[in-house]
Amino acid sequence: MDREERKIKELMSPVKSIAGKCPDLSELSALVDGTLEPEAEEKIREHLANCANCLEMMRINLELEEEVPGSVPERLAVRAKSLFRPNFIRQAINVFGGILKGRAETLEPSSLRPAFAFRGAIPAKAALGLSGYFQEFGPYRAEIEVEQTSENKWQVLVWGEDKASKKPARGIRVSINNKERELESLILEKGRAVFELLPAGEYQVEFWKQGKKLAGIIIRMKGEGK
Amino acid sequence: MAPISEQEKALMSRIQKGEEKAWEDFIELYGRLIYYAIQRTLELKGVRLPADTIQEIFHSLFVHLAENRAKRLLSYTGKRNCSLATWIRMISINYTIDIIRRQAKFSFQVEFEEIREGEFEKSWVEGIKSPEELAEEKEKEEKLKRALEELTREDKNFIKLYLSGISPQEMARIYKTTISNIYSRHALVKEKLKKSIGYK
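Chains as they are written, first to last, in the numbering used here: chain B, 5 to 230; chain P, 8 to 207.
You may find that some hints are simply not true.
Covered stretches of chain B, going by a simulated chain P footprint (3 or more residues, C-beta under 8 Å) [unchecked claim]:
#1 30-39
#2 50-59
#3 164-174
#4 211-223
Read the hints as simulated data drawn from the structure, not as lab findings. Source: prediction; values computed, not measured. Note that CB positions come from ideal geometry on N, CA and C, so glycine has one too.
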């Protein structure tokens, strides 16, 4: 995206969520399959241009369509097959035991929390939600994770490693700017840097080595407490 | 992808009649697709979960499809000729995203945009601008705003989607055209904007 396009994007109303006005899933699916009439197609495109949620579903669906699914663990398939029997709710309750409370409609996975299952312990007091991004530049690979730690506070965690050796990157400085100024600059320590207590907004994270900028990433964080 | 096939119609009709074997066939046919859609949606959303939690989501999605005599599953009617496979994938993605949202204490959205070597002119911290430069920038912005308003609805949708971070391949699918046509249309819309602004 060039400078002009960035300005255009800024000036156009943002793609956001339009609750309640979304097309049904058959219509979105038909756009993936290419079976919509031209008029209906444009209507859905207009919706996608204005609804981040549907656009996300559409993008994931298009991406997955190109991929070959793996297998399902056998015991899961067996469990699922038992569901269509007339007494399936009772059976499901038995299977789930304490997880299920009340009726089947209220069933939700019990421990659905984003888990930091890699790189050792990370001080995630409130791992409420996180988003991650991988970026490669030169001999390095960086991972940026954004985590919302409270209603309007965010944390940006940056890891850098040498692509070949997989060892923590050395001598890399990471800075974070908002549109006005540089807010903080840290040298990666054991390949890691953390920027805390950032309010929602737009930030630019930059990677430097020996005074030379190697790469950067713009992060836009939008969010509210429920 | 082909719209609803005779085989799919027959399968749905057997499920409607309550044939237990039909449900088993459905799982044989679409279980992998559903499991994979859940796994990949979580990955693409940057959410890492232990395998047993992913399995719980899989099972709860089947409960969702099977409850009330498979009401949700039977709501598939092949409307707009969408295929059963695409619809099921969409349901699985939607269900997974919904679970992530409901479980997170905060609703949040994070976007990332890479800046690579040679593109650093995008950097924000470029020094202080003079009042003249700022005024010129403001004027350009106003012109651009007006030019955007003058675009047709279709062009507005196009440029908005194009700049939403979607890939040209995905754009080509959404517009049922080739990638080169997407690039051409993008260039055309930009040209229109430049003309409206008065650039050469």
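Quick check: the stretch 50-59 of chain B, covered by chain P? Criterion 3+ residues, Cβ under 8 Å.
-> holds (count 7)
Would you check chain P against the stretch 30-39 of chain B, counting CB to CB pairs closer than 8 Å, and say if three or more residues qualify?
-> holds (count 10)
Coverage of the stretch 211-223 of chain B by chain P (three or more Cβ within 8 Å) | holds (count 7)
Are there three or more residues in the stretch 164-174 of chain B whose C-beta lies within less than 8 Å of some C-beta in chain P?
-> It is violated, with 0 qualifying residues against the three required.
The structure fails hint 3 only (numbered hints given earlier).
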